[in-house]
Each structure stands twice: as structure tokens, then as C-alpha cells.
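A.B. asks: Take a look at the letters that make up each chain.
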Amino acid sequence: MSEEILRVQGISKSFAGVQALNHVDLTINRGEIACLVGENGSGKSTFIKIICGVYTPDEGEIFLNGRRYKQLRPIDSIHEGVQVIFQDFSLFPNLTVAENIALNQQVAQGRRFVNWREVNAIARQALERINVSIPLDVTVSELSVANKQLVAISRAMLQNARLIIMDEPTTALTHREVEALYKVVRGLQAQGISVLFVSHKLNEVQALAERVIIFRNGMKVIDTPAQEMTQEKIAYYMTGHDIAESRYEYQAKDAPIALEVSNLSRKGAFSDVSFRLRAGEIVGVTGLLGSGRTELALALFGAQPAESGTISLGGQTVSIRSIQDAVRHGIGYVPEDRLTEGLFLEQSIANNIVVRIMKSFAGRGGLIDSVRKAAEASNWVQHLSIKTRNPQLPVKSLSGGNQQRVVIAKWLASLPRVLILNGPTVGVDVGSKEEIHTIIKELAQQGLAILVISDDIPELFQICNRILLMQRGRLVNEFETQAIDEATLADHLLETVNQGQ
Amino acid sequence: MPSIRNLLMRQEVIIGLTIVALSIFIGLVNPSFFSTANVFRILRATIIVGMFAMGVLIVLISGGIDVSFPAIAVFAMYVTVSLIRSGTLPDNLILSYILAALIGLGLGLFNAIFIAWLRLPTLIVTLGTLSLFRGVLLFFVGSQRIRIAEVSPSLTELSRANLLTVENPGGGVANLHLAFAFLIVLAVIVWLLLRYTMLGRSIYAIGGDREAAERVGFNIRRTQFFIYAFVGLLAGITGLTFSALSREADPFSIVGIELDVIAAVVLGGASITGGRGTVIGTLLGVLLITLMSSSLVLLGISSDWQRFVVGLLIIIGTTIPVLQARLRRRVAA
Amino acid sequence: MATLAQDKPKSWLSDLSLDGTIIRLFIIVAALFAIFSLARPDAFPTVRNLQSMAFQSAEIGILALAVALAMLTGGIDLSINSTANLTAVLAALLLTNFKDTAPELAVVGAFLIALVIGPLCGAFNGFLVAHVGIPPILATLGTMTLFKGIGTVITKGAAIFAIPQFAFIGNGDILGIPIPFIIFLVVAALVGMMMSRTRYGFEVYLLGTNPLAARFSGINNRSVLMRTYITSGLLSALAGLISLGRTNAARVDFGESYVLLTIMICVLGGINPAGGAGRMVGVVLALVALQLLSTGMNMVLFTSSGANFFKEAAWGATLLLVLVVELISARWKQRSRRKLKSEG
Chain A
1 MSEEILRVQG ISKSFAGVQA LNHVDLTINR GEIACLVGEN GSGKSTFIKI
51 ICGVYTPDEG EIFLNGRRYK QLRPIDSIHE GVQVIFQDFS LFPNLTVAEN
101 IALNQQVAQG RRFVNWREVN AIARQALERI NVSIPLDVTV SELSVANKQL
151 VAISRAMLQN ARLIIMDEPT TALTHREVEA LYKVVRGLQA QGISVLFVSH
201 KLNEVQALAE RVIIFRNGMK VIDTPAQEMT QEKIAYYMTG HDIAESRYEY
251 QAKDAPIALE VSNLSRKGAF SDVSFRLRAG EIVGVTGLLG SGRTELALAL
301 FGAQPAESGT ISLGGQTVSI RSIQDAVRHG IGYVPEDRLT EGLFLEQSIA
351 NNIVVRIMKS FAGRGGLIDS VRKAAEASNW VQHLSIKTRN PQLPVKSLSG
401 GNQQRVVIAK WLASLPRVLI LNGPTVGVDV GSKEEIHTII KELAQQGLAI
451 LVISDDIPEL FQICNRILLM QRGRLVNEFE TQAIDEATLA DHLLETVNQG
501 Q
Chain B
1 MPSIRNLLMR QEVIIGLTIV ALSIFIGLVN PSFFSTANVF RILRATIIVG
51 MFAMGVLIVL ISGGIDVSFP AIAVFAMYVT VSLIRSGTLP DNLILSYILA
101 ALIGLGLGLF NAIFIAWLRL PTLIVTLGTL SLFRGVLLFF VGSQRIRIAE
151 VSPSLTELSR ANLLTVENPG GGVANLHLAF AFLIVLAVIV WLLLRYTMLG
201 RSIYAIGGDR EAAERVGFNI RRTQFFIYAF VGLLAGITGL TFSALSREAD
251 PFSIVGIELD VIAAVVLGGA SITGGRGTVI GTLLGVLLIT LMSSSLVLLG
301 ISSDWQRFVV GLLIIIGTTI PVLQARLRRR VAA
Chain C
1 MATLAQDKPK SWLSDLSLDG TIIRLFIIVA ALFAIFSLAR PDAFPTVRNL
51 QSMAFQSAEI GILALAVALA MLTGGIDLSI NSTANLTAVL AALLLTNFKD
101 TAPELAVVGA FLIALVIGPL CGAFNGFLVA HVGIPPILAT LGTMTLFKGI
151 GTVITKGAAI FAIPQFAFIG NGDILGIPIP FIIFLVVAAL VGMMMSRTRY
201 GFEVYLLGTN PLAARFSGIN NRSVLMRTYI TSGLLSALAG LISLGRTNAA
251 RVDFGESYVL LTIMICVLGG INPAGGAGRM VGVVLALVAL QLLSTGMNMV
301 LFTSSGANFF KEAAWGATLL LVLVVELISA RWKQRSRRKL KSEG
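Read top to bottom, the protein sequences are chains A, B and C. Just so you know, the first sequence maps onto residues 1 to 501 in this note's numbering. Just so you know, the second sequence maps onto residues 1 to 333 in this note's numbering. Just so you know, the third sequence maps onto residues 1 to 344 in this note's numbering.
Don't read these hints as lab results, they were simulated from the structure. These numbers were taken from a predicted model, which means no experiment stands behind them. For every residue, glycine included, the Cβ atom is placed at its ideal position computed from N, Cα and C. There's no promise every hint is true.
To be verified - One side of the interface only, derived from the structure: several residues of chain A facing chain C at Cβ under 8 Å:
1. VAL327
2. TYR333
3. PRO335
4. THR340
5. LEU343
6. PHE344
7. ARG356
8. ILE368
9. LYS410
10. ALA413
11. VAL426
Bound conformation, chain A alone (with noise of 0.2 Å):
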């Protein structure tokens, strides 16, 4: 009988009504790699919250290395062993690699003085201990993301780490990065180290896990050594039959091309891209990080604008060189990062829907028409049905999913060809998530050209028609989403890992 590192009994956890966890139980051994696999909203993060002790479930018992603790606080959760390793990692950008990795035990022991020659040779050991090498005189900011993450492990290594949890730890990497994290995954357990790997995408639970932990809607609905798991069961417990959407169908094949983009590189991010996008198409655009696809969408949009090629809208050739560019011709972009790049928190609802039409409402003397105004905002909150009693509150007062509506409303505001969703529903509860489908659904069928920025297979499937596959910044394949189905998607982007190597 193996160790037990963890065990929890059914714990619960509800917020503000919505239930996040029901009644869960799981167990994690010594030395095991498990992977907890679950979509957005699934309760993943709030799991990991209470084992760590940010939250308190409701209802429930939590056992850490056999001993039962009622009311789990951080530091009881540090002192069991137990390190989460953040996306953020909490890194320290201005100081070195080696005081980063030191830094914790030296407060934990109550230093009151730096002794430079230990806090380099502690953070030499740590890093030998997961068989990696980065230079310790370094400063954090100058390291890539891959070794920011590899110097947050070896920092949760010194704590006397025995289950470390980390939290979709390979969002930010590049294939060849994911390999060398698994590596030192392997390592970790070797040493005795359990490892409990949150993601929620399936190429990694294949390649890496012994056992899989499927969460959906807050409830476990398996828990099965990863031999016995497939592609397809795992998209298949991730979604669940239940909540299958239909899927999207493009009817008017022959509708005009919105969007045509030929030959389009820019150096370091993708090269040679050709596509094209007709009017009414929900067109999806995948691959792993580092495949260019966040890259090309930013190219679209003139953030990062594209250094060769060209793109024509509706037939006809624009040069796209700033942002200005491509709004003035009807691009929108819904970004990834809704909080720091979508939405002015503090601001009002209907200011964030109206900033792009502002002008629509300047009349004598460049004076702004308010009555237009507000009437105009609260036309997008009910025709999105943005749950809000008045648009005048400030848009932090939403949940996820009705701010991503706020988004997508200042973009539908100004009447754009093409809209461009990146990671649409990231961040937003399963409920508003079909609820947004349904909403990109409708537009497109008005006659938007839609394209998709996700990595998000199941979510593709549901809203795209077509798929387009792309590795190291290179468009290698191309879908109907009608001919494949998700666990052949999943293989070809496993494919294209292994041809990387």
C-alpha cells in the first residue's frame, strides 16, 4: 500500500450561491503524477485554493500526510509539503535567479543578515536537484518564461516540497520547453515527489500522467490510471454527453470572401500564411504555444504589424500598420486578457461598450450627445442580455462571462467585417460559456466573419466550421470541422509535438 500525501473527503465549496465543488474525493500517493483535467469553471482552481488553504470548503475533511485538519490554513498547508506553483510564479523580476530561489527559506528561517556565498550555493543545489542549469547571477525579468517556471520549482523544492501542484503550467511554453518541463516532472517523482499537473488540455494528460482526475461542473467523474483513458473518453468526460452543443454549420457556402490574407510573415512569429474568410464563416485557428496563432491575430489587428504579405478585406488590398488601421476597416479584436487589455474596470459599462463609437455621438461643436449615449449602451446590454441592473455601474461589478458580452458589445458597436476572438471564453463559468457561443453563433449567421483564436478543442469544435492548424508559425493544415472529430484534432496537434523533436 502506497503513502498517502493527500486525501480529501467530500468537500463542497459554494460562492454567492453557485456551487464550485460538490462533495469531491480524491487521493494523491507519494511519488505519483496525477493529472487533474477539467474545462473553465470545472472547480480545478477552486480545488486547488483549498488545498492550499486560501479557501475553507464548506463541508468536507482534508488529511495531509495522514493528519486531519479541519479548518487548513496557508502556512499548515506549506509546512505539510504541499508548493503551487502559479501561473504568475510569483517571482521576484528585479532580483537574481539565485536570491529568487534562497529567498523563502532565508525569511522562513528568520535571517537577519544575507550571507551571498550560501544564497548561491543553495540555489546550485536546488537547481541540480531538477537536473537543470540557469545562470544565478541572472535577474529574473531577463529569463524566459520556461526558466521562470523552472526557478519557481526549484523555490518550492527548498520548502521540503512533497506534493506540488502546478497550475496549467505549460500554458506559456513553447513544445520543446513542455518536454523539458516534463523531464524534470519525471525527476520530481523519481525523488519521491508527487506531482499533481492541472490542465485542461489533452496532449499532456497522454504524455505525462499516470493517472487521470476528470472535474466537470464541480464534481469528480473519473479518476482511472491513464492507460485506460483515450482521447476520446477524456474529451468525452471533460464535456460531457449532456451538455454537447450542436455543432456550427456554415450554410451559404458561397457568400463573399470577408478577409483574404496572402503570404503574410513576420520575422520570429509565423511566415507564410495564406487564408481566406468568407462572410458568415466562424473560422477557428489552433495550436500550441509558440505556433504563431496569438501572433497572427495581433498581425490582423496592427498591433504587431505583419512585415510581408498581404491582407485584403472584401476584396480589396489594406495595408494594416497600427491599430487605427485596422479598425478603420472593421477589424475587432476580442483579446485573451479581458481584465488588462479588454475592459476599463473602474470605468462604467456603457462607457466601455461606447468607446469605439464615440464619435457617432459628437454633434454641434464636437459636443458629446449623452441621452444617444446611455440610450445606445443600454441597446447592447439588453440585446447581449448583460445581466447588470445599471449601466452606469462600473464594469468590475460583472461576472467573467457578462464582461467578456461588454467586450464583444464595444466591438459589435462599431459595425466591424471581421471580429477576431482570442481564447473567447477563457476565464467564464459553463453556463455563460454556451451562452457566448450562442452569441458568436448568431452573429456569424447575420453575416460577421469570425475568426478564433483558442486551444481549446472542444470549443472549436462547438462554434467553427473550419479549423486551421498551425505549428511553429507555419498554417500546416486545415479542417472541416465536419470531417474530423476532436480526438483526431488532439492526435494531429500531438503530431506536430512529436514532428518538432
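Place chains B and C on chain A using the hints.
C.D. replies: Just chains B and C, lined up with the frame of chain A:
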């Protein structure tokens, strides 16, 4: 191996090289630049700004900004000298310094209450206390200038004390004021503090990422209390030193220097957004500004150009890190 | 449509907390006026006193509006006073040069100089902030020194005198209302209108709230910043002309305390130093409050120089007090909102 390019990415190196090049240039135009007397004169001119700069450096590294330190300095200085004049405080140099330091500490703690405890924005708080401290001083304590020679033999003695006396080959002597040693000792203390104590590292950590510093387990409130109290204490000591150097206690002096000191520290590579800054860089920044503004006459340029040149220096000095960052990004991409 | 009943066509920035600030300022102004009127009924509530207060506050008020603009974008402008003095110096030079030949023409020329120098100084700030990317506090610290340096080189540090024909802008009045104050009111109304009712103003608030989201919404951040600093420079130049008219002299080191004072007025007036929130009405009210406080102090304490010092202390204390009051009211509001949420 640090390549030349990496070295040029360091503001200290750029400022240091500028100082060397400038010195050579001025020396070629006017050889008297390298005379001991002139070198000592320039070094003396760095004392006050340099001492203030050490405090400002710590504040900037922590991600804050303090404009009230000149008001603290003049407050501590004038109250101390007034008390000596009235006979309340015996005319003893050490006692005077202790009192000035304590007054500074107290006013610094007043800042800290608003900043560390109530978490109010540092610029606005210190703007308020700058006005408050100075107003209280002028209204309640006094607004008359006091000549040090008339009230305090001990401070007068300090004003004449020298660290180094060198005989000029052409006759006469060149003196380096004793207070230059204060600056050096202070710089060493601040350097040790920032580099070798956990308190110093917590200052960098807070400036780098406040939230992460909290997660690591640093007590941010305590660190901030220390920072503003320390700056106050430092200002008190510097204020009294200023009265010795200028041989008078003028309640209208010092205030107005705050933006110049901040400019010198930023020129020395400290980041206005926190997390970055070194003692060496700060000293070099102070030296460069002093050198520029005190050597124009040697170049045969009217001293009217002083402000203009310093302004130009600040603009160029603040452009460099922006360009460096762009270059780094391009190399990384 | 029941939900929409609340959003009547009021100013688009009518956020409750801001209205709180404005109300608070109104109360402070009224209280100060009442207190000093009761303390010195013979001297305070008189036409003469009101006039003299109006004369004194105009140029600081215009400078405060200039700073407020930069603060709304999330920046700051420390160079306002240097710009004002440089303008005054150049205008005074022109006036003295033509005082015997064509004084009237020279007065017009002085205005033209302001129209050119102000925006030029502002454009340089805007260039450094928007195109080079220097943090505004550093860029304008540099230009503050630089513009003052240019003024020093031109004047060699000496004062330059204006001519009597120019005095009207600083000392004249229309129907008893001082001309500088009329200028200030007109400027404040125009700037207030610009910020609350035009697309440019709207974009300033959005840029100040989140520059990245502004960029990704297709707002031309660089152009908004350029326009803001240029306007700030223009307002500063105007303030320079008024002080030249009022004091009949231009000096490069005139009004050095104005820089920090204007920032204080803006913060008291509810302009968020981090950008994106605050109204021009608040700045005007804060200015009036501080002017009442200064003049009232003068009268109550009788000694004019001592009162100046007390005024300085009182300003500082007021700023700290306002900060603490805002903090407490924000925390209180947060708590009651949380309570509402948990009940709902």
C-alpha cells in the same frame, strides 16, 4: 563573461564613463580642473545632495517617492539650533546630532503612519507633510535666520573641520571638509544595509513585486515603517550638517532641493517605479550633476547655463534606460 | 425599461463617489466662508476682499487645471511653472523692446508668444512621454529644469519688466470682476466641457484608467497624450501672461512652490493621481477652498507673513485629512457593499 554590450546596459557604467570623459574634456580645456583645490571643491559640493540621495535611493527602490525630506531636514536643523541658542540644549555636537536625528526620526514616523499603516500614496502624503512640516516650523518655531558662529561654538568648530588638508605646490592649502566623511560612512552603511541584510533585500522585494513579497512572508508594513523613519533620521542628520557647512540656520533653506535630489538618484540608475537602484550608481549620479553644474565656469561658460545643462542631463539620463529596455526586448525577440 | 430609469442624461462621469467628493468640497467651502465671515465680519465678506481673493487665485487655478489634465491621463506635469515663467520672460522682452514704438502691437505679440511657446513646451513633454516613453514625472522634471534653464540663459537671472499697457490682464476688472478671474472661469468652463463632453475628454479618462485596454480599443494613445500635454502647456503659458500682468515683472524663479501646490489642489479636488477619475469642478472648488483658507487666516491672525506660514501648515494638514477621510469613506462603502452582497 560580461560583454561590452552587457556593461553598456548598466546605467552605472554609462554614468561613470560620462564622468571620466567629461573630466578629461574639462581638464584639457582648463588644467586647473585637476587641481586638488578644485577636486575638493567639487567633492564638498556633493555632500548634502549625496546624503539626501541615500535616503531617496531607499525610498525609490521600495517603489515609493518622498518629497518631504528637505522639510524634515530644515525642521530638525532649525529646532536644534534654536534650542542651542535658547540654552535649553547644551552646546555639544553629539547631543545636537542625536536631537536632530530624533526629530527627523519622529517626523519620518509621521510619514510612515500614513504610508505604511494607512497605505496612502507616497507622493501625495509626503507632499502634504512637506507643506505641514515647513508651515509648522515657520509659524510656531521661527522664521529668522540664525548665524551659527553666534550661538554654537561646537557647530562652528565642525564647520571649520577638515578631513584632508593638502599643501598646494604653488603655496596655500586645499581642504576637504570633514563632512565628506559623513557621506562616505553613510554610503557604506546604506550599501551594507541594502546588500547584506534581509531588511535591505525586503526593500528590493517590495519594489519588485509587492504581492510576491507578501507571499514570501516579508512584513511589508514593518519594512515601510523602517524606510520612512530611516529617511527622516537621515534627513535630520543631513539638515544639521547643512547648517554647519553653510554656517547658518536658515529656516527657508533646503526646501526646494527635493526634485534635484530625486533627479540625481534617477540619473544614477534607480527606477522611479521601484525595485532597481544601487549606492554606487547614486553616488555617480550625484557626482555627475555636481560636476556638470560646477564646472561650467572652468569651461568659460556663464553659470547661467547651469540649469539648462542639468535639465538636458536629466532628460538624456532618463532616456537611456528606456532605450536600453527597447534594445533588450529586441535582442530577446 | 425599469432598469434604465436611473441613467438619466447626466454627465457621463457621474459616479457616486465623485459626487461625494464634490459635495464634501461644497461643504468645506461653505463652512470656511461662514467661519471667517463670523470671525471677521468687517473685513472678510466684503466686495473688496472677494475681489482680492479672485485676483490672487486665477493663475494658480489655471496651472492647477493644467496639472489636472496630465493627472487624468495617469501622468503629471511638473514643468507648468517653468513653462509659465519662460512665456512671461519672452513676452516681457517683446513688450519692453516695443514699448516706445508699438506698445499695442506688442501686447498682441505677447499673446502670440504664449500661443506658440506654451504648446511648444507641452509638445516637447508630450514627445518625451508618448513617443520616447519616459515616465511623465521624470520627463517633466527634466523639462522643468530645462525650460527654467532656457529662461535663465535669456534673462541671466534678472527680472524683466512689462509695460503698463499690459497690466489689464493681471489687474483689470470688468464690472468689478477681476479680468484674470474671468479668464480663469472661462478656461475652467472650457476645459471642464472638453473633459466631460467631448470624445477627446472621454478618451483621456479611458487612457488614464487602462492605457493597454485603450490601445486595444483603437484609441490613439500617443495622440491623446500629445494633445493633453500641449493643452497643459498652453494653459501654463496663459497663467504666465496673467502673472506678468499682475506683478508687472517676469522672473524665471517666480512661484516655485506652485508646482507642488497645484498637485495638492488637484488631489484635494478629487483628481485621482493614478489617472482616469476626477472632475474639473472639483479642482475649482478645491482652489476656492484653499484661497478662502489663506485669506481667512491672514485676517484672523493679522500678521500677513505669519499667516502665510500657518496657511502652508494648514494646507498640508488639509490634504492629509482629506486623504484619510476619503480612505475611511471608501472602506466604509466597501464594507456596506459587502454586507449588501451577503444579504442579497
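A.B. asks: For each hint, tell me whether it holds in the structure or not.
C.D. replies: Hints, verified against the model:
Because the beta carbon of VAL327/A sits about 4 Å from the nearest beta carbon in chain C, less than 8 Å, this interface hint is met. The criterion of a C-beta within 8 Å of any C-beta in chain C is met by TYR333/A, whose closest approach is roughly 7 Å, and the hint holds. The closest approach between the C-beta of PRO335/A and any C-beta of chain C is roughly 6 Å, which is under the 8 Å cut-off, so the hint is satisfied. Satisfaction of the interface hint for THR340/A is found here, the shortest Cβ-Cβ separation to chain C being roughly 6 Å, below the 8 Å cut-off.
Against a cut-off of 8 Å between C-beta atoms, the interface hint on LEU343/A holds, since the closest Cβ of chain C lies about 6 Å away. The interface hint given for PHE344/A is met, as the beta carbon of that residue sits about 4 Å from the closest beta carbon of chain C, less than 8 Å. Because the smallest distance between the Cβ of ARG356/A and any Cβ of chain C comes to about 6 Å, under 8 Å, the interface hint for this residue holds. Hint status for ILE368/A: holds, given a least beta-carbon distance of 5 Å to chain C, under 8 Å.
Residue-level restraint check for LYS410/A holds (minimum Cβ-Cβ distance to chain C is 7 Å; threshold 8 Å). Nearest Cβ of chain C to the Cβ of ALA413/A: about 11 Å, over the 8 Å cut. The hint is violated. For VAL426/A, the suggested interface contact is broken, since its CB lies about 15 Å from the closest CB of chain C, more than 8 Å.
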